[in-house]
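Taken in sequence, the protein lines are chains A and B.
Numbering-wise, UniProt numbering puts 143 at position 143 of the first sequence, and it's gapless, one number per residue.
Numbering-wise, UniProt numbering puts 50 at position 50 of the second sequence, and it's gapless, one number per residue.
Derived DMTMM-like pairs: lysine to aspartate or glutamate, alpha-carbon spacing no greater than 20 Å straight-line:
no., chain 1, residue 1, chain 2, residue 2
1, A, 252, A, 197
2, B, 489, B, 380
3, B, 470, B, 486
4, B, 489, B, 394
5, A, 107, B, 450
6, B, 433, A, 110
7, B, 263, B, 280
8, A, 107, B, 414
9, B, 433, A, 101
10, A, 107, B, 68
11, A, 107, B, 444
12, B, 433, B, 420
13, A, 273, A, 169
14, B, 470, B, 420
15, B, 416, B, 475
16, A, 107, B, 428
17, A, 245, B, 460
18, A, 230, B, 394
19, A, 107, B, 380
20, B, 408, A, 110
21, A, 243, B, 394
22, B, 416, A, 105
23, B, 266, B, 280
24, B, 264, B, 280
25, A, 245, B, 394
26, B, 416, A, 110
27, A, 243, B, 460
28, B, 416, B, 435
29, A, 93, B, 450
30, B, 416, B, 450
31, B, 433, A, 105
32, B, 273, B, 254
33, B, 167, B, 132
34, B, 194, B, 77
35, A, 93, A, 275
36, B, 489, B, 428
37, B, 470, B, 380
Covered stretches of chain B, going by a simulated chain A footprint (3 or more residues, C-beta under 8 Å):
no., segment
38, 26-39
39, 384-398
40, 446-456
These are computed hints drawn from the structure, not numbers from a lab.
By construction, the Cβ of each residue, glycine as well, lies at the ideal position given by its N, Cα and C atoms.
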Amino acid sequence: MVDHTHQDIDAATGTATTGHEWDGIKELNTPLPRWWLWVFYACIVWAFGYWVVYPAIPLPGGHTKGLLNWASRDAVMQEVESLKATRAPFVGKIEQASLQDISADPKLAEFARAYGKSAFGNNCAPCHGSGGQGAVGYPNLAGDRWLWGGSLDQIAATITHGVRSGDAEGHDPAGAAGMPAWSQMGLNAQQIDQVADYVVSLIAPTKADVSAGQKIFAENCVACHGEDAKGNTDLGAPNLTSKSKWLYGSDKATVVQTIANGRAGHMPAWGAKLDTATIKSLTIYVHSLGGGQ
Amino acid sequence: MTVSAQKAPIIRKAAPEPEPSDSLYEGRKQIYPQSVSGRFRNIKWGLLIGGMLLYYFLPFVRWDRGPDQPSQAVLVDLANGRFYFFGVEIWPQEVYYITGLLILAAFTLFLMNALAGRVWCGYLCPQTVWTDLFLLIERWTQGERRERLKKAGQPWTLQTVVETALKHVLWLAIAWWTGGAWVLYFADAPTLVKQLATFQAPMEAYVWIGILTFTTYTLAGFAREQVCLYMCPWPRIQAALTDEWALNVTYRVDRGEPRGSVKKAKVLRAEGKPAGDCVDCNQCVVVCPTGVDIRNGLDMGCIQCGLCIDACDNVMSRIGRPTGLIGYDTDNNVERRAQGLAALPPKILRARTLIYIALIAGVAAIMGVSLATRNTLGIDVMHDRNPIYVALSDGSLRNGYTIRALNKHGSARDFKLTLEGLPRGQIEILGQKAEGGAVSVHVEADQTLELRVMVTTPPDAPPPASTPIKLVLTDPKTGEQTTRADFFKGP
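So that you can see chain A by itself, here it is in the shape it has in the complex (with noise of 0.2 Å):
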């Protein structure tokens, strides 16, 4: 505190000190103006007014409100609201217009993009990956195999009813149409080994002789691989020509694997959850990653 009595001028500057001392260093008193301090009451002041309108207590019964009403979460609700506001007009217009006119529409086609993006990361990331690049038994969206199409239409009615999701209009929907397990429907061990054989022949030519396999998958594949091997969207049968990454791996022991046990894979139905905009958007966002076929 300031010493009253016996005001110390220091001799170095001609300044009074303001009396404090440690051990031989004293504090020189170069006041302040007093408008400062009085806009530091007037600080203190306007603290207290945060008090008075914003939520500031925790009590018993739950925080005191504040004059105002404000919390974070309606603030937070309200931007998501004006967001929703300034991306109405376009999606408006996703909601109205066709696949082919939005995937035609530049401007409205990057505006689909980045909106399906943000779906896609909150929904079928956890499958099919950050870039909807997949992973086994997820298939590989940014590739040109399509198991059920790839046409804007048919990626859109996949998303919308699924695979095997029990949505009537969706795809198998009962579960029943799968790839079968061989083992059980009269294939035995060596048979399937043959067959085998010749699947991977098909993207990995062999001197060796496959003709045993090749009649076994002409008796028993051919319903809905097809004679060409090529697959059929229809029935969600792959292409096993196909040189691009097989959703389940196509070296012989998982080939082997895959005939005896059967695959059937599942993909909700988003048409419950998601809306008619975020569903187009999604379709040509996913579409956009490898462009379909």
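Guided by the hints, dock chain B onto chain A, whose structure is given.
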């Protein structure tokens, strides 16, 4: 606080220092600057009028950029993220031009400081200019220093109430106009003026006018020299940047001391005794807008506006002594004169100023060249991260890229996008195959467009795991071209 007083062993008749107070806070000493006329006052009026005209009327200057483009020469379009400065249009990603401008401003300030100390503070700083204008109004309404001092101690009368009210009305009008001009830089000025006049302007405009009205009114009307003394960082930085060759407003101690009346000095001179030219008339102190006594030496409170020079020159002319008792001089000469040596002319070209000039020229040249050779088209490329490449059914390899084409021009343009560095690679945009190795991109005026681009190599002879490629965007009409390097990835 006096810089020279600490190092120079100059004997001065110091003005009586205020009694050391034991209070931790200092009351405001109101300053009533007297008007003055002279060379530096005229320079200051000229700069004030020029600066204000520029500030208030620049938003109304028009610049033709073509249809559907803003026609305002200087415009900060925050909503669309564009900054227009006559023929230059800056996009947000080109913020380095603003950085360059700030660097230029800083070095120019340093150079001004090396040449003539706080010449910025005294002549060009908005705080000084607006305070000058507000003081002019104070003089018009309430009279000269003497009258204002007298009225300050008196009880209110009808006359002083009317005068004071008139002063504040005029102050507020100028302050309002200051804020009003500010918002005109952020929207089409004539339109906004119409909107403001009919109370249909956006809320932001009114809020910003309100904020600037308040700050101008309080800072130029009330805070005045307190801003320079307590708020502004520049005096502190300036003190660290200055040197003994910088010109500062300086009192010639060798000529002025010992002070005395004209009569006394005559008697002393007749006796052959030393007599100073300073008649202690205090004119240099009463005209000072910050209340400094320049005779005490270089002071942090001194904004070096030169008004005391005008005041002193007027007095010296009247008493028939040479002018320049107070004048722009270097610290070096202050020392030399104290030792009885001749003053040296100011050294304008020295290492410090040459370095500043070189830096200013360098930055200005970089900015000038980059603005002159700047493309009005641009391309950003992002390679797909997941998957990095895709093997297609026939064994070909494909990479996906997300590309943003930029058209920084006032009309829609058709660009060509081509691929370099991958002879067998085919480029395509979603839904559009390449023709003659190029795909066409239509970008609207002053817009960007995001595109999905695929590059595919045939199944035979797959490229190595990583091939450097270039994506080139060309305007076939002008030949303008921009290139982005990226990679084509494979297994």
